[in-house]
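Letter by letter, the sequence shown follows residues 174 to 290 in our numbering.
Among the hints, erroneous ones may be present.
[Claimed, not checked] Estimated spans, in silico, between C-beta atoms of each pair:
#, residue 1, residue 2, range
1, V179, I210, 30 to 40 Å
2, G270, E235, 42 to 52 Å
3, L273, F185, 16 to 26 Å
4, P238, F201, 19 to 29 Å
5, S181, L269, 18 to 28 Å
6, H223, E184, 20 to 30 Å
7, G270, V183, 44 to 54 Å
8, E263, S234, 33 to 43 Å
9, L180, P266, 45 to 55 Å
10, A265, E184, 34 to 44 Å
Source of the hints: derived by calculation from the structure; they are not laboratory data. Every residue, glycine too, gets a C-beta built ideally from N, C-alpha and C.
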Amino acid sequence: PEHLSVLSSVEFTAYASAINIGGVLGAFAGSTAMDRIGRKSALALSAVPHVIAWLGTALVSEPAPLIFLRMVAGFGVGMGTAIAPCYIGEIAPAYLGGVLGVAIALAMNAGRLFVNA
Numbered sequence: 174p175e176h177l178s179v180l181s182s183v184e185f186t187a188y189a190s191a192i193n194i195g196g197v198l199g200a201f202a203g204s205t206a207m208d209r210i211g212r213k214s215a216l217a218l219s220a221v222p223h224v225i226a227w228l229g230t231a232l233v234s235e236p237a238p239l240i241f242l243r244m245v246a247g248f249g250v251g252m253g254t255a256i257a258p259c260y261i262g263e264i265a266p267a268y269l270g271g272v273l274g275v276a277i278a279l280a281m282n283a284g285r286l287f288v289n290a
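Use the sequences and the hints to build the structure in full.
Structure, rendered in structure tokens:
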């Protein structure tokens, strides 16, 4: 319903696309974090932007902070997307490495399909 929305049409467009901007930046940061602190620690670190973003989203109702927090969430998504396949490939037994690599890609794409359907 229109009366529940705190965002105008232009603001909603910015809100929807902010996650992609954060995702690109997060992928680069995730790659750097993996090299510096290791895959497991970097994967744990990728949860921090999610927690910040969703706690912040629960507490604010102004458009600018919501858009910024969406970008922060995207940063965490980008980090996780870059780190998770490397981590899984590293810890998986050799005979499962390929299967699990495909499974994570399938899960990500199925999630996108489910959310956008």
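Cross-check of the supplied hints:
Range check, V179 to I210: Cβ separation about 37 Å, and the 30 to 40 Å hint holds. The hinted range of 42 to 52 Å is satisfied by G270 and E235, whose Cβ atoms lie roughly 46 Å apart. Checking the proposed 16 to 26 Å range against L273 and F185 shows it is violated: the Cβ atoms sit about 37 Å from each other. For P238 and F201, the Cβ-Cβ distance of about 24 Å falls inside the hinted range of 19 to 29 Å, so the restraint holds.
Taken as a hint, the range 18 to 28 Å is violated for the pair S181 and L269, whose Cβ atoms sit roughly 48 Å apart. Checked against the given bound of 20 to 30 Å, the beta carbons of H223 and E184, roughly 22 Å apart, stay inside it. Distance hint check for G270 and V183: the Cβ-Cβ separation is about 45 Å, which falls inside the suggested range of 44 to 54 Å. About 42 Å separates the C-beta atoms of E263 and S234, a value consistent with the hinted range of 33 to 43 Å.
A C-beta distance of roughly 47 Å is found between L180 and P266, which places it inside the suggested range of 45 to 55 Å. Between A265 and E184 the beta carbon distance is about 43 Å. The supplied range of 34 to 44 Å therefore holds.
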